[in-house]
Amino acid sequence: MLVHPGGPYWRGRYRGAWQIPKGEIAAGENAQAAALREAQEELGISLQGTLVPLGPLRQAGGKIVEGFALEQDLDAAAIMSNRFEIEWPPRSGRRQSFPEIDAAQWFTVAEAEAMMLPSQQPFLDRLSDYLTLRH
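Each residue of the sequence shown is one higher than the one before, counting from 0 in numbering that gives the first Met the number 0.
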């Protein structure tokens with residue numbers, strides 16, 4: 000499952016915008032614990048099962064993202080995202096609230112290649128390698 004980020008920057012962007020749920024690693028927290036916490040915060044769900052490490056990846060902006068895969072039945076329509084506030088429009092003095100995630104959707108690996116944020120697409124190769132080795 001991939002998520003589409005909320006907020007005005009991502010509005011109207013569809014292809015090349017979907018990504019893995021992600022966030023900052025808190026002090027004293029490892030990447031796996033952060034992934035579980037972020038899923039709860041961003042998606043409103045508790046992940047069950049064993050996280051499969053997909054390794055680190057440097058995104059286009061320089062941020063390092065640690066990726067994980069997990070097999071779990073989830074209803075993408077039931078995702079309940081947290082919200083964030085920003086001044087919008089810029090320099091307007093008005094603050095607006097937006098969902099951090101405005102949609103979640105299941106994709107095949109092939110579909111995800113067309114939809115996923117380009118800087119995160121290496122995660123798909125790693126997932127494909129893992130799935131090939133598993134079967």
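Source of the hints: derived by calculation from the structure; they are not laboratory data.
Even for Gly, the Cβ is constructed at its ideal location relative to N, Cα and C.
Don't take each hint at face value.
Pairwise CB distance ranges (calculated) [as the list claims (entries may be wrong)]: (1) Pro89 - Arg125: 17 to 27 angstroms; (2) Ala68 - Ser91: 36 to 46 angstroms; (3) His134 - Gly92: 52 to 62 angstroms; (4) Glu84 - Ser127: 13 to 23 angstroms; (5) Gly48 - Phe83: 38 to 48 angstroms; (6) Arg125 - Glu86: 35 to 45 angstroms.
Against the structure, the hints come out as follows:
no. : hint                               : in the structure
1   : Pro89 - Arg125: 17 to 27 angstroms : violated (37 angstroms)
2   : Ala68 - Ser91: 36 to 46 angstroms  : holds (41 angstroms)
3   : His134 - Gly92: 52 to 62 angstroms : holds (56 angstroms)
4   : Glu84 - Ser127: 13 to 23 angstroms : violated (38 angstroms)
5   : Gly48 - Phe83: 38 to 48 angstroms  : violated (28 angstroms)
6   : Arg125 - Glu86: 35 to 45 angstroms : holds (38 angstroms)
The structure shown violates the earlier hints numbered 1, 4, 5.
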